[in-house]
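> Spelled out from the first residue to the last, the chains are:
Protein chains: 2
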Amino acid sequence: MTNEVKNKEKVVGIIGGMGPEATVDLMHRIIHLTPVTDDIDHIHVLVDNNPKIPSRIKALIEGNGEDPAPCMIKMAQGLEEQGADFLVMPCNTAHHYYSRIAEAVNVPFMNMVELTADHVKSAQPNIKKIGLLASSALQIIHLYEPWFAKHNVEVMYPAPEHQEKVMAFICSVKANKQTAEQLVDYHRAAEDLAAQGAEGLIIACTELSVVGDQLRTELPTYDASDLLAKSIVSEALPSK
Amino acid sequence: MTNEVKNKEKVVGIIGGMGPEATVDLMHRIIHLTPVTDDIDHIHVLVDNNPKIPSRIKALIEGNGEDPAPCMIKMAQGLEEQGADFLVMPCNTAHHYYSRIAEAVNVPFMNMVELTADHVKSAQPNIKKIGLLASSALQIIHLYEPWFAKHNVEVMYPAPEHQEKVMAFICSVKANKQTAEQLVDYHRAAEDLAAQGAEGLIIACTELSVVGDQLRTELPTYDASDLLAKSIVSEALPSK
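First to last, the sequence lines map onto chains G and S. Mapped onto this note's numbering, the consecutive letters of the first sequence carry residue numbers 65 to 304. Mapped onto this note's numbering, the consecutive letters of the second sequence carry residue numbers 65 to 304.
Since the hints were made in silico from the structure, they are not lab data. Some hints here could point you the wrong way.
Chain copies aren't distinguished; within one or between two, either way the pair holds.
[Stated by the list, open to error] Taking lysine-lysine pairs in the DSS-like style, the calculated list, with each CA pair at most 30 Å apart, reads:
1. 229 to 241
2. 229 to 116
3. 74 to 229
4. 214 to 193
5. 116 to 294
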């Protein structure tokens with residue numbers, strides 16, 4: 065890469081809509097992380113906020129849903145065609161299809177799971193056990209396990225009775241109908257992970273990131289969506 | 065239009081970035097105005113959130129800036145190509161270029177200024193004077209005047225000393241640096257319009273819409289951005 069290309073500000077392409085609020089939340093984070101004095105200093109972002117992508121939950125958990133990858137690939141290619149210099153996808157579960165999407169485009173595709181695992185390891189070099197607050201789908205597809213395995217970190221989940229409630233909370237956030245009681249359930253799931261020996265927690269669901277600052281825990285907490293936003297800003301802005 | 069086409073949910077294209085926060089604010093409003101139980105019920109939105117559009121203020125107020133229309137036209141055409149069924153633009157000032165953009169695309173382009181004027185007239189059929197809280201550019205380009213003239217409504221602006229402060233407030237919101245003092249200035253501009261005889265107020269700047277719920281006034285208030293969001297949801301969802 066020449067210096068000229070390296071120092072050009074990049075256009076971000078967001079494969080969004082999983083859910084749409086999580087995409088808006090990421091856009092908001094990008095705006096607030098970018099140092100600006102006027103509009104023009106902000107980063108150019110192309111977004112396909114498409115809530116019609118076939119359900120990842122139906123395909124991965126219920127096992128009876130349409131394959132969502134072709135739709136995501138079409139979105140990724142559309143964003144590339146529109147001028148995106150690199151792609152991102154604010155949905156943890158959807159990263160199950162990361163490789164298929166990455167192979168279908170000619171621009172780099174930032175991996176939120178990889179960058180989160182790498183960040184946790186660099187922030188806590190001696191960590192052995194990490195807890196995930198996430199959709200139940202992640203447990204089935206073992207999304208974070210390979211990335212943490214290379215750092216010798218074990219991935220843990222809340223006990224089933226807590227995990228069920230985390231999943232219900234995620235569905236409520238998607239429908240914008242979360243209750244105070246569900247927030248308590250969410251805190252209990254975090255406590256359960258701490259009791260199991262987790263030394264840190266990852267908010268590994270972009271719907272949970274939307275309500276992220278409401279989580280109370282004494283463990284170091286890593287919000288995958290926030291780490292993604294930071295990486296986007298750092299990648300998009302020209303190197304100093 | 066056949067019933068089949070009429071009853072298909074439509075994809076929205078947002079010509080955004082003026083500023084980027086105003087675009088995110090509109091997306092947020094669309095999400096919260098859409099009745100949903102899961103992701104799939106939300107509206108598919110394509111967004112070009114492009115803060116690199118040449119400055120409308122420089123072109124219209126300072127008179128020495130690059131013409132921003134070609135950039136906006138390119139964005140509009142890109143969104144159409146991506147599959148947008150109709151276009152919207154969450155920036156009042158940019159509506160100065162409305163006709164040039166509308167002529168360059170083959171899909172309908174919703175006019176925020178027209179729909180706001182029509183809404184005010186239908187909400188207050190006997191209104192004679194409407195006050196604008198907006199960028200100073202609007203006063204120069206007479207953006208709202210033709211649309212209100214057909215309803216026999218006079219458009220009013222805050223006195224110059226107040227208008228200057230509204231403009232400074234808008235610039236601060238763009239830089240996310242607004243102060244409590246500036247919010248007071250903003251309220252005083254609203255009071256000035258009331259003293260001049262305005263019977264209603266339009267928040268006619270998407271940056272002011274971002275902080276819209278903070279405006280204190282006894283006059284009926286119409287937020288152009290919110291009216292746009294309501295029209296988008298109503299246009300995008302299939303008719304019952």
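> Within a copy, between copies, both or neither: which one fits residue 229 and residue 241 at a CA-CA cutoff of 30 Å?
within (14 Å within a copy, 39 Å between copies)
> As a check of your reading, is residue 116 near residue 294 (CA-CA no more than 30 Å) within one copy, between copies, both or neither?
The answer is both: 27 Å in one copy and 21 Å across copies each meet 30 Å.
> Between residue 214 and residue 193, at a C-alpha cutoff of 30 Å, which is it: within one copy, between copies, both, or neither?
Answer is within; shortest intra-copy Cα gap is 13 Å, inter-copy 69 Å.
> Given identical chains, is residue 74 near residue 229, meaning Cα to Cα at most 30 Å, within a copy, between copies, both, or neither?
neither (40 Å within a copy, 35 Å between copies)
> I want to check one pair: residue 229 and residue 116. Are their C-alpha atoms no more than 30 Å apart within a copy, between two copies, both, or neither?
Answer is within; shortest intra-copy Cα gap is 25 Å, inter-copy 44 Å.
Consistency note: the structure conflicts with earlier hint 3 alone.
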